[in-house]
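There are 2 protein chains.
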Amino acid sequence: MPVRWYSNVVDCHDPVAQGLWWSEVLSWRVLYQSDEETVLIPPWMGTDAVSHEEWAHYPPGMVFVRVSEDKQVKNRLHMDLAPHTKDDWDEEVARLLGMGANEVSVGQKDVPWTVLTDPEGNEFCVLRSRDR
Amino acid sequence: MPVRWYSNVVDCHDPVAQGLWWSEVLSWRVLYQSDEETVLIPPWMGTDAVSHEEWAHYPPGMVFVRVSEDKQVKNRLHMDLAPHTKDDWDEEVARLLGMGANEVSVGQKDVPWTVLTDPEGNEFCVLRSRDR
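Protein chains in written order, with the working numbering: chain G, 29 to 160; chain U, 29 to 160.
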């Protein structure tokens, strides 16, 4: 493994609010927070230096950075989320809507997922519960 | 962990070419490929049903889906890649440029990363080598 996928970086107007919102969505830990940037990592990830192999298996984190530009078009790149079959899909979607997510149409027809947006309008999907 | 981050979905004109390109960037495995969609997962991930805990620790995959729209603006969401300190940053960037990545300016100044684009113009950064 030459390079690893280290993080998703999301442009936003309010990195503090966006970071906290997504940390609640994923139950992730806020590793760093300032007016300019919030960094999230999965709660089981350590922050000490690790071997090449251990590091290579780490999942990417999320970074929210402040920009002045507004969001203009549907994002070319979006995140899919999914609950496990042990979790209830309807309950999860209701939880996200209760947190301020909005249900939107991006032209999808009868599909096994729902399309939501975060508080700054970034589209993401919630796939049906699965275990693989 | 209620929902997990399941994948990044990238709109593109050519899901086959884009999927192969990114599988080479990350040394990932092509799990599924059609004219409409390519799915990539890390090579160490299994495809059998797994427990909630094991599944929750899986990193997200990548999905490339065909769309008719062209990319219009700088992506609001992009991926950061990084080599480990055991890997050589310059060599990695040279490898990506050799594969057809382009170096671009998105207004960054003197920063410890470089900004590249993939064959369809999606921006991504290569951070300096690290071990955490």
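It is worth saying that the hints were derived from the structure and are not from the lab. Among the hints, a few may not be true.
What the hints assert, rightly or not - With a Cα cut of at most 35 Å, we get these calculated DSBU-like pairs of lysine-lysine:
| no. | chain 1 | residue 1 | chain 2 | residue 2 |
| --- | --- | --- | --- | --- |
| 1 | G | K137 | G | K99 |
| 2 | G | K114 | U | K114 |
| 3 | U | K137 | G | K99 |
| 4 | U | K99 | G | K102 |
| 5 | G | K137 | U | K137 |
| 6 | G | K137 | U | K114 |
| 7 | G | K114 | U | K102 |
| 8 | G | K114 | G | K102 |
| 9 | G | K114 | U | K137 |
| 10 | U | K137 | U | K102 |
| 11 | U | K137 | U | K99 |
| 12 | G | K102 | U | K114 |
Stated by the list, open to error - Covered stretches of chain U, going by a simulated chain G footprint (3 or more residues, C-beta under 8 Å):
| no. | region |
| --- | --- |
| 13 | 36-48 |
| 14 | 51-62 |
| 15 | 114-121 |
| 16 | 130-136 |
| 17 | 139-147 |
To be verified - Stretch-level coverage of chain U by chain G, calculated; a stretch enters the list once three of its residues show a Cβ under 8 Å from a Cβ in chain G:
| no. | region |
| --- | --- |
| 18 | 72-78 |
| 19 | 150-156 |
All residues carry an ideal CB built from backbone N, CA and C; glycine is no exception.
Hints versus structure:
Our distance criterion of 35 Å between C-alpha atoms is met by K137 of chain G and K99 of chain G, whose separation comes to about 24 Å. Straight-line distance between C-alpha atoms of K114 of chain G and K114 of chain U comes to about 39 Å, which puts the hinted pair past the 35 Å bound. At most 35 Å may separate the alpha-carbon atoms for a hinted pair to count; K137 of chain U and K99 of chain G meet this at roughly 22 Å. In summary, the hint linking K99 of chain U to K102 of chain G is supported, as the alpha carbons are separated by about 10 Å, within the 35 Å threshold.
About 43 Å separates the Cα atoms of K137 of chain G and K137 of chain U, which puts this hinted pair outside 35 Å; it is violated. A distance of roughly 47 Å separates the Cα atoms of K137 of chain G and K114 of chain U; the hinted pair therefore is violated under the 35 Å criterion. Pair hint K114 of chain G plus K102 of chain U does not hold up; C-alpha atoms about 38 Å apart against a cutoff of 35 Å. At roughly 32 Å between alpha-carbon atoms, K114 of chain G and K102 of chain G fall within 35 Å of each other, so this suggested pair holds.
Proposed proximity of K114 of chain G and K137 of chain U is contradicted: the alpha carbons are some 47 Å apart, above 35 Å. Taking the CA atoms of K137 of chain U and K102 of chain U, the gap is near 17 Å; set against the 35 Å cutoff, the hint holds. Of the supplied pair hints, the one linking K137 of chain U and K99 of chain U holds, its CA atoms being roughly 24 Å apart against a limit of 35 Å. Taking the CA atoms of K102 of chain G and K114 of chain U, the gap is about 38 Å. The hint is violated against a cut of 35 Å.
A count of 4 residues in the region 36-48 of chain U with a Cβ less than 8 Å from any Cβ of chain G is obtained; the coverage claim is therefore met, three being the minimum. Coverage of the region 51-62 of chain U by chain G holds. Counting CB-CB distances below 8 Å, 3 residues qualify, and the rule asks for three or more. Coverage of the region 114-121 of chain U by chain G holds [criterion: at least 3 residues with CB-CB distance below 8 Å; count 3]. With 0 residues having a beta carbon nearer than 8 Å to a beta carbon of chain G, the region 130-136 of chain U misses the requirement of three or more and the stated coverage is violated.
Interface restraint, the region 139-147 of chain U with chain G: violated (0 residues with C-beta to C-beta distance below 8 Å; minimum three). With 6 residues having a Cβ less than 8 Å from any Cβ of chain G, the region 72-78 of chain U passes the three-residue criterion, so the hint holds. Counting residues of the region 150-156 of chain U whose CB lies closer than 8 Å to any CB of chain G gives 4, so the stated coverage by that chain holds, three being the minimum.
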